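Trainee: Please model the entire structure based on the sequences and the hints provided.
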Amino acid sequence: MIDGIEILANAAIGQIARLNCAANNIANVNTPGFKAGLSHFLEGNVAGGISEGKPIQKPVTAVDYSPGSIRETGNVLDLAINGEGFFAVQTKDGVAYTRDGRFTLNENGVLTTLGGDYVLGRGGKIVIEGNDIQISENGLISVAGNEVDALKIVSFREPSALVRLSAGFYRNPDNLAGAEEEGNARVQSGHFELSNVQVIKEMVDMINIQRTFESYQKAIQTISEQDRLSTNHIGKL
378 MIDGIEILAN AAIGQIARLN CAANNIANVN TPGFKAGLSH FLEGNVAGGI SEGKPIQKPV
438 TAVDYSPGSI RETGNVLDLA INGEGFFAVQ TKDGVAYTRD GRFTLNENGV LTTLGGDYVL
498 GRGGKIVIEG NDIQISENGL ISVAGNEVDA LKIVSFREPS ALVRLSAGFY RNPDNLAGAE
558 EEGNARVQSG HFELSNVQVI KEMVDMINIQ RTFESYQKAI QTISEQDRLS TNHIGKL
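To get my numbering, take the position in the sequence shown, counting from 1, and add 377.
No lab work stands behind these hints: they were computed from the structure. Since the structure is predicted, the reported quantities are computational estimates derived from the model, not experimental observations. Just so it is clear, CB atoms sit at the ideal spot from N, CA and C, and this is done for glycine as well. Treat the hints with caution; some may be incorrect.
[Stated by the list, open to error] Label pairs and their calculated CB-CB ranges: (1) Asp551 to Thr589: 35 to 41 Å; (2) Asp470 to Asn397: 23 to 29 Å; (3) Ile600 to Glu558: 55 to 61 Å; (4) Gln594 to Asn561: 48 to 54 Å; (5) Arg541 to Asn561: 22 to 28 Å.
Mentor: Here it is, written out as C-alpha cells:
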C-alpha cells in the first residue's frame with residue numbers, strides 16, 4: 378500500500394501548487410499588466426523512494442499572455458499595447474519586459490516606470506524635455522511636434538521561455554524566447570492595461586482544488602488504516 382500512499386501524497390502536493398497559483402493570481406488582480414498563471418499537469422515519474430519510477434502527474438505553471446482590459450486615464454504617459462509585445466525597461470539587474478505602461482518622468486526628464494526603472498527607446502533611456510508630449514500608435518515620441526525617440530517594444534517567438542519576475546515583469550535569459558522588435562503592436566496613449574485575472578474563475582478553482590486535496594487526504598488516511606489493520610492481523614498469526 379506504500380506505493381498508493383506515495384502517489385497520492387505527490388498528487389496532493391500538486392494540488393497545493395495549483396492552490397498557490399490561484400492564490401497568486403487573486404493577489405495580483407489589481408496589478409496592471411499582470412498575466413495570470415495557468416497550472417496544469419504533465420506526465421512524469423516519482424523521483425526517489427520505494428515508488429521511484431512509478432508514473433505520476435507533475436504540476437507545471439505556465440502564463441496566460443492574453444490581453445487584459447484597457448483603462449482610460451487621459452495621462453499621455455500611461456501607455457497600453459494593443460496586440461502582442463512588451464515594453465523594454467532597464468532594471469538594476471538588467472533588461473526586463475512588462476505590459477504595465479504606467480510611466481512617468483523623473484527629475485531629469487527620463488521616462489521611467491513607477492518603480493524608477495528606465496523605459497528603453499532606440500538607443501537606451503528616453504529623455505523628454507518639454508510639456509507638449511505626444512506618443513503615436515507606432516511608439517514614436519514627439520515634443521511640440523518634433524520627434525525625440527521611439528519606444529522599444531519587443532515581442533517573442535516563444536513567450537513560454539520568459540522567466541516571470543515580480544509585479545508583472547519578465548526576463549528573457551539567453552534570448553531563449555526569441556526577441557523580435559518588429560511586430561504589429563500598437564500603442565494607446567492615455568490608457569493602461571489591467572490584469573487579465575478572472576477573479577470568479579480563480580475562486581471557483583480554489584474551491585475545487587481544496588475539495589480534491591481533501592479527497593486525497595481521506596484516501597491516504599483510508600489506506601494507512603488498512604495497512605495498520607493488515608499489519609495487526611499478520612502479527613496475530
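Trainee: Decide, hint by hint, whether the structure agrees.
Mentor: Comparing the hints with the structure gives:
1. For aspartate 551 paired with threonine 589, a C-beta distance near 37 Å keeps the hint of 35 to 41 Å intact.
2. Between aspartate 470 and asparagine 397 the Cβ separation comes to about 24 Å, which falls inside the hinted range of 23 to 29 Å.
3. The supplied range of 55 to 61 Å is met by isoleucine 600 and glutamate 558, whose beta-carbon atoms lie about 56 Å from each other.
4. The hint said 48 to 54 Å for the Cβ distance between glutamine 594 and asparagine 561, and at roughly 49 Å that hint holds.
5. Arginine 541 and asparagine 561 have their C-beta atoms about 24 Å apart, which keeps the hinted 22 to 28 Å range intact.
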